[in-house]
Each structure stands twice: as C-alpha cells, then as structure tokens.
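Peer 1: Next come the chains, spelled out residue by residue.
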Amino acid sequence: MLSVENLHIRFRTGDGLVHAVNDVSFEVSAGQQIAVVGESGSGKSQIALAIMGLLAKNAEVEGRILWNGDDLLTKSNREMNRIRAREIGIIFQDPMSSLNPYMTIERQLTEIVENHEGLSRRDARARALQVMDAVRIPDAKSRLRAYPHEFSGGMRQRIVIAMALMCQPKLILADEPTTALDVTVQAQIMQLLADVQRDFGTSVMLITHDLGVVAGFCEEVVVLYGGRIMEEAGTEALFDQPAHPYTRGLLRAVPNIDDPSDALTAIPGSPPNQHRFPQSCPFAPRCVDAVDTCRDTLPILQQGRACLRPVEELT
Amino acid sequence: MLIVENAHVTFPVAQTKKWPWSPPGLVHAVNGISFELEAGKTLGIVGESGCGKSTLIRAVAGLAPLVSGNVTLDGEPVAYRDRASMQRLRATMQMIFQDPIASLNPRMTIREIVVEPLTFFKPEMGAEERQNTALAMLDRVGIPSTQANRFPHEFSGGQCQRIGIARALVAGPKVLLCDEPVSALDVSIQAQVVNLLKELQREMGLAIVFVAHDLGVVRHISDEVLVMYMGAPMERAPAADLVSDPKHPYAQALLSAVPVPDPRVRITPQMLEGDLPSPLNLPSGCLFASRCPKAMAKCKTARPPMIRHGQHQAACFLLEDAPMEADSMA
Chain A
1 MLSVENLHIR FRTGDGLVHA VNDVSFEVSA GQQIAVVGES GSGKSQIALA IMGLLAKNAE
61 VEGRILWNGD DLLTKSNREM NRIRAREIGI IFQDPMSSLN PYMTIERQLT EIVENHEGLS
121 RRDARARALQ VMDAVRIPDA KSRLRAYPHE FSGGMRQRIV IAMALMCQPK LILADEPTTA
181 LDVTVQAQIM QLLADVQRDF GTSVMLITHD LGVVAGFCEE VVVLYGGRIM EEAGTEALFD
241 QPAHPYTRGL LRAVPNIDDP SDALTAIPGS PPNQHRFPQS CPFAPRCVDA VDTCRDTLPI
301 LQQGRACLRP VEELT
Chain B
1001 MLIVENAHVT FPVAQTKKWP WSPPGLVHAV NGISFELEAG KTLGIVGESG CGKSTLIRAV
1061 AGLAPLVSGN VTLDGEPVAY RDRASMQRLR ATMQMIFQDP IASLNPRMTI REIVVEPLTF
1121 FKPEMGAEER QNTALAMLDR VGIPSTQANR FPHEFSGGQC QRIGIARALV AGPKVLLCDE
1181 PVSALDVSIQ AQVVNLLKEL QREMGLAIVF VAHDLGVVRH ISDEVLVMYM GAPMERAPAA
1241 DLVSDPKHPY AQALLSAVPV PDPRVRITPQ MLEGDLPSPL NLPSGCLFAS RCPKAMAKCK
1301 TARPPMIRHG QHQAACFLLE DAPMEADSMA
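As given, the protein sequences belong to chains A and B, one line each in that order. Numbering (the working numbering) for the first sequence: 1 to 315. Numbering (the working numbering) for the second sequence: 1001 to 1330.
What the hints contain is simulated information worked out from the structure, not anything from laboratory work. Model, not experiment: these values are computed from the prediction. Honestly, I wouldn't trust all of these hints.
As the list claims (entries may be wrong) - Listing some non-contacts, in silico: residues in chain A with all C-beta distances to chain B over 10 Å:
hint, residue
1, Phe26
2, Leu72
3, Glu111
4, Arg125
5, Tyr147
6, Glu150
7, Asp199
8, Asp210
9, Ala215
10, Thr265
11, Ile267
12, Ser270
13, Pro299
14, Leu314
As the list claims (entries may be wrong) - Just some of the chain A residues that point at chain B, by a computed CB distance under 8 Å:
hint, residue
15, Gln186
16, Phe200
17, Glu236
18, Ala253
19, Pro271
Just so you know, even glycine gets a beta-carbon here, dropped at the ideal spot from N, CA and C.
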C-alpha cells in the first residue's frame, strides 16, 4: 500500500547540509502495524513528514514514496490535500500543540470532514460524536463544546486520534503518540490504537523510541540509526534474535523492570554527526563489534540487516 | 542523613477568587511526605505527572517553602534563615534537572560552568586549584579537558547532562537531588548517565533522591522507592519488593501499565476509572479512593496512615487486616 523507496532527506542549514534520512526503503501493507524505532536525530519523524508532504522548506528530498502506486513526492499541495486526512492521517507527539486552543473540539473535528468530504455541519457533528465514542471520550455530547485546555493530556491525545480518524484513513502515522503521557495513560492510548486498527482495519505506522511500546503493539519493526535502516524484522524475531549490534545494544540498554541486575548496559559514545553523508557504517564509532572494514565501507541492507559482520560473530 | 517529616507544600492561586478581597485558593501540592535517606543510598520517587514529585524535591532543597513539616540534613534544618546558612546548605545539597541543555548557561564555557560552584562554595581554594578540580571532575564524567573551553550548544544532550552532573558534584555535596535527569535522553545515552550516577554515588558516598516517571529506570537506580499520588505517599518499599509485589492498589495499577520489551509478554493494564480529586479542595478520605477499584466505605471518610507490612509501608486500609503470609504470594 505504502512503499518508501530509496528516500533521502537533506536539510540546507546555516551550518551546511544535514543528512537526516539516507537511502531508506520499507513497505507498509494494508492492515499492518509497523514500528519505526530510532533515537532522536535518527530521522524517524522526517520520514513521516515526508510521507505527508509536510517537510520544512529547506528540505531536499530524493527517492520515491509510492501510495497505491502514485508517487507522493511529485504531487502538488492541492493533490496532497486530497490524500491527507482522507487516506493518510497523522498523530503528533504533543497533543496540546496539535490542537488549536481557540477552537472548540467540535469545530476542530467537524472542520476536517467539512473540508475534505464536503459534509454538512449536521452530518459532520454526527460523525464527530461517533468518532469521539470510538476513542472512548466519556459524555461526548457535552464535551463537544469544550476547548482543548479543559481536557487532560490523555484526553487531548484521544481527541487528536479522533481527528485523525474523522475521515477514516487507510493509514495512520503515529509520531511518538505516547511520549508526553504517563504510563497508565500510555497503556490506554496504545490499547485504543490497537482497537482502532482492529475495528477499522487501519494500518498504523508507529514512530517511537520506546521498545517496550513496540513489543506490545507492532508486527514489524524498522530500526533507524543516523538516518539509515540498521535492521528490519518481525517483532518477535527482532526481540529474540537481534541481528544488528545497534539493536542488540538498544535492547540491552532498556531498563527492564523485572530484571534485577544492577548496572545497565549502555552503548558507549555519542550520536552521529549528520553533516557528512555517511561513507561507512554510521554506528561503527560506537559499535563493540566494529572491525576496520566497518569504518570505511557502507554496509547495505541485506536480509533485513545492514551490517558487515556475520551474525554468528557478534558478541 | 536526610530526614523529611510530614512535608506539606501549598501554593496560593488567585484565579479561583470569587471577589478581589476573598482569600486565594490553595493548591495542595505535597501532602504529608516523610522519608529518611542515608548516605550512599538512593530513594526513587515515582508518580504520574502533576503528583507533586518535583515540588517535593524543590521543597527538600529549600526552594519551595514548606507550610508544615520539617526537612533536616544531618540534624540541621533546611530552611531559609540567612544567606550564609543557605550557602552552606547549597554546598551540601545539589540538584540536576530534566532538560540538560536548558540548565546550562549558554554564554558560559563549560569550564566556567563547573568552576563556578567552587568559587561560591570553596572560597579558600586557589584559582589554579579550582581550575584543576573542575577539569578533573569533567574528566571523571567523561568530558575530556580538551573540550573544556567549548560552550554548551557544542555538546549533545547526554554530554550536557554529564556537565550538569559535574557542576552539581564538583564541590562535594552530600545529597544529590535529581529531577527527571534522564527522561530527555535517548535509551542508549540514558543507560550511560544512570551508570555514571551509580559509580559517582559509590565513590563519593552520595545520598540520591531520584525523581522519575520511568519505573524501569527507578527500579535500577534505587534502593527504596516511594510512590506518590496527589502529593501524598501511597507506598514505600525496597525497589525489588515494590516491583515484584506492590501492596497499594495505586502502585499495582501503575506497575500493571509499564510496557515490557518482550513481544511475548502481554501486559494487562488496570484501567483506573473515576476522576482525580481537586488539589484545591482535598477530600477528607483517602486521596485515591475516587479511582480505587477496591475502595471501601471507610476510605471515603478517613485517610489511611502508612501501615507497615513486612518490607512495605502503604497508605491503605486493606493492609490493616492483611495476613503477613501474603508476602509470599506473587
């Protein structure tokens, strides 16, 4: 359904070029839940923005983003507006800043269907009520007139999810939907996304840094580092037998609540400098398994992993 | 030894006033927290956002006034009396903050940032000794002295947090208060900073108060964990006991929602229904009663004290008649 092919995103900044996304390819099929995992600066959010055609003005994009065979990167803003919301919806991290503080919840929800589907105000309100029930906002009818500040963080994120669902899109891009929320609320929101996926058959592309959230929700995982795909695998395979040193390091670094061991296994070093296009493996400077060839050859993604070392030789 | 007894913090809010001359409403941010912390030990404080964790540690540092209760450090009260006593106190109690970059002055080099506490707290030190102490401290947290003349924006978030730790520890405090020190950092960097804190604690015999919302991190760094809700203590227990067998219904709900990084484990988060009570007008009963799945009639009228149950202490009436062998159940 969605197929990202050899996507490159660069930003022209005052400090020179920043290579945010380098040669990323993956696919999302209908009804699938896929996770894009990476740390800050790995380019995961930029991929979502590129799919929606919302990249900053100083961005340069190369490659193709095929949506049912059409390349989204060649579309005009007008054409993109027909795809946004109706076919692809997006949920951002911070629910407060994705809602307009001056507009009632009703207006923010109905505006979407009025603009995109030409529904009348009354039909739009009926749809809004339906969707608010679907995201389990209690007492939806009376909450329609409320403003965003009258809701708690979790409720606001439900409204943002409701906004994304208004036109019943085929794909929802969820960019760190629970990062700003408490664990109890996070569990409710993830449950809600899973229910939405089940009830509406929507595909979900979950962008996150939290492997705990991924484990409970997604079928496929794409691991990004320095704007490149390090590993791509089914969730169980990835957690059972991580085949890339970065994925291994990441899994060991997650503090597991049931694990009584004392020290956490950290990945040494700092995130990569993205001013140069990587000529070698971007993870090599921090990799415990790196050998000399890792520092001058760029590994390509083969069988779901971009690593020059064979799996058996990794520590 | 840091002792906090029955700490209460309230903030006046003008918005709720009916008339200009009516008294301001009071937000009850911290409601009766007590704990003791010995040198070399770590107390983790967890709770949802808005439960008063940050206010509590600001109160411990003497930055938010206590309306009642006491904070003492080695027998000396922590409260503002005069500049000199405050300065003595700050030399023994330091803080690190959530946003590593915002907590460093962008116009100072990191050498100046780390030397500054020495200028304040160790006036007897010579200029050269200060420089050397600061550089040694930076080196200890993993910032090479060749980078000491750089400015904060030239460092990554994880490095800035290391610099923040160096600044807090350079004058040799006894207590380190950490307000969500790793929540802004990536997982791989977070582990580095947590490990660094543990090493420094061992070397310097620090007492650490570690506030965070991530139970996994708290579990790893803490000896004891305090669970807060609406500014009040719900449960206090050694970290391992709390995680394996929480006694308080709120602690149970909180732990049930923690995601597990294993696709085979299906977590069944307990959903809490009901509304939070208003912090302006606290109920007379248990603060958690309005959302508690096990609430009884008396929970609505009387506030449960902290009841000891084995290694645990929990503010819940259910523990009053709970048999002790319940400890072995898991």
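Peer 1: Does the structure break any of the earlier hints, and which numbers would those be?
Peer 2: 8, 9, 10, 11, 12, 16
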